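There are 2 protein chains.
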Amino acid sequence: MIGVFDSGIGGLTVVKKIFEILPEYQILYFGDTARTPYGNRGAEVIKRYSLEAINFLIKKGAKIIIIACNTVSSVAYDFLKQKIKIPLFEVVTPAVEKAIEITLKNPKYPKRAVKRIGVIGTRATIDSKIYKKLIENKTTKIKVFQKAAPLLVPLIEEGWLKRMETKRIVKKYLYPLKFAQIDTLILACTHYPIIKNLIKIKIGKRVNIVDSGEEVVYKLKKYLESNSAVAKELIKGNQHKFFVSDLTSHNQQIANYWLQRKIKLEKINL
Amino acid sequence: MIGVFDSGIGGLTVVKKIFEILPEYQILYFGDTARTPYGNRGAEVIKRYSLEAINFLIKKGAKIIIIACNTVSSVAYDFLKQKIKIPLFEVVTPAVEKAIEITLKNPKYPKRAVKRIGVIGTRATIDSKIYKKLIENKTTKIKVFQKAAPLLVPLIEEGWLKRMETKRIVKKYLYPLKFAQIDTLILACTHYPIIKNLIKIKIGKRVNIVDSGEEVVYKLKKYLESNSAVAKELIKGNQHKFFVSDLTSHNQQIANYWLQRKIKLEKINL
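Those sequence lines, one after another, are chains A and B. Residue 79 is where the first sequence starts when you use our numbering, and the numbers rise one by one after that. Residue 79 is where the second sequence starts when you use our numbering, and the numbers rise one by one after that.
Honestly, the hints are just simulated from the structure, not real lab data. Being a predicted model, the structure only gives us computed values, none of them experimental. Just so it is clear, CB atoms sit at the ideal spot from N, CA and C, and this is done for glycine as well. Keep in mind that the hints are not guaranteed to be accurate.
What the hints assert, rightly or not - With the C-beta cut set under 8 angstroms, the calculated list includes, among others, these residues of chain B facing chain A:
1) 112
2) 113
3) 119
4) 120
5) 123
6) 201
7) 228
8) 232
9) 233
10) 236
11) 246
12) 325
13) 328
Just chain A, with the same shape it has in the complex:
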């Protein structure tokens, strides 16, 4: 089975993409809802919690792991890579590659010599500067502008998707990136696709949007196509499983709504 790990329920947007693109595979999801959100936490705590979570998925039978969380991918991937012996996919690199490609191919401001990519994410993701470092180390033709947007996760989890307050806050967070006239915006948090349309409107329709959660699924698809033995192994199993470390009716409701299908969250103690 494909293990998908997120600090909470944001990773379900990645699961939804897997359902679309790789419907034949079985998913083993774990969301650390008892300790979510990770986005404001320090690196040591994020590493420790992530390792526990991934070990749980491996114990349950996951043969590869998708880290469907930008905070964990940004802060803990190097650490986890050393500890985990099975294939580990993170969401940052695929988004970086896609953002560079699309920015150079289809910039909003084609006459500018140096193109511009904006990144929004949690405080931990932005403070790690990982997107900025990876992109600017790969090419001198792009400059990266970052903005932490810590209130978006709680607003999205509250279901305030179309409220005036959410619109104002999204606008406020995007303002410095809009002011910087970015060509491309990276959604560096797997919660953000839930308000992708709103973000699109606020940043301007001609800005390219790169969804980190979507890109990792395309990367996974390529990997499975060129590793057919692994792919064969992963197809086995007869049903998806969704584990969480805390189960409330609110979580269950959001999960069904985001996935647009009825699933059963199962509570486990980490």
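Model the placement of chain B on the given structure of chain A, informed by the hints.
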């Protein structure tokens, strides 16, 4: 020492009140910042985490415990009382007593036969209905109106204390209580005193405000006055200690700002 426990840093508003009213006592604080916020979590998780936290404070030398968190007081107090052998103060009962007293003595709408108390708190606190049950069981002269306000904690922790967005969201949360024409409003979360003035303006200046964190400190004062042997024991020690399960520069900054003094947060692993 007096052990003060909160799910995060909200309990520091209670510590501030202890500093004002009981300056001779030593504080041993623990904030579970690695797993905060508790306010949206289920009861089992809240009980388990709280027990770990309080046992940590006892191991460190606390002789009495203040649960400076409405979520824990609402959902886990009965459970904790059975497990913990030292005196345990929670924030709900003192606020209930004060709210009944002030509402009957000084109602905003004196001509109405049945007076009205409003309560705002986290989802877990409001879902427990503890304030409603306790007040309406004690008197038939008061009806209780509740409203969960889950976005206030993240807004306050972001430091968005005077922003237009915060004002609008506070107004929105208070609207049903204002519409119900309440006489008294209970701030059933130890974060809320940070925006007490804003809340006062939005609910209307003649509505009584009861701060649950403040009331527990008055109750503690009375207890110490009538238990002088305990009080003597608690005065010993020569410095306050502040422990957290996750330490970030953001947390440290908020802590200093809220307490209006420089303290040193120490990180421990629970």
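Hint check results:
1. 112: holds, 5 angstroms
2. 113: This hint holds: residue 113 of chain B lies near chain A, its Cβ roughly 5 angstroms from the closest one there, short of 8 angstroms.
3. 119: holds, 5 angstroms
4. 120: holds, 5 angstroms
5. 123: holds, 5 angstroms
6. 201: This hint holds: residue 201 of chain B lies near chain A, its Cβ roughly 7 angstroms from the closest one there, short of 8 angstroms.
7. 228: holds, 6 angstroms
8. 232: Where the cut-off is 8 angstroms and the nearest Cβ of chain A is about 4 angstroms from residue 232 of chain B, the hint holds.
9. 233: holds, 7 angstroms
10. 236: Where the cut-off is 8 angstroms and the nearest Cβ of chain A is about 6 angstroms from residue 236 of chain B, the hint holds.
11. 246: Holds, about 6 angstroms.
12. 325: OK, holds: residue 325 of chain B within 8 angstroms of chain A, min 6 angstroms.
13. 328: At about 7 angstroms, which falls below the 8 angstroms cut-off, the nearest Cβ of chain A leaves the hint on residue 328 of chain B intact, so it holds.
In this structure, every one of the numbered hints holds.
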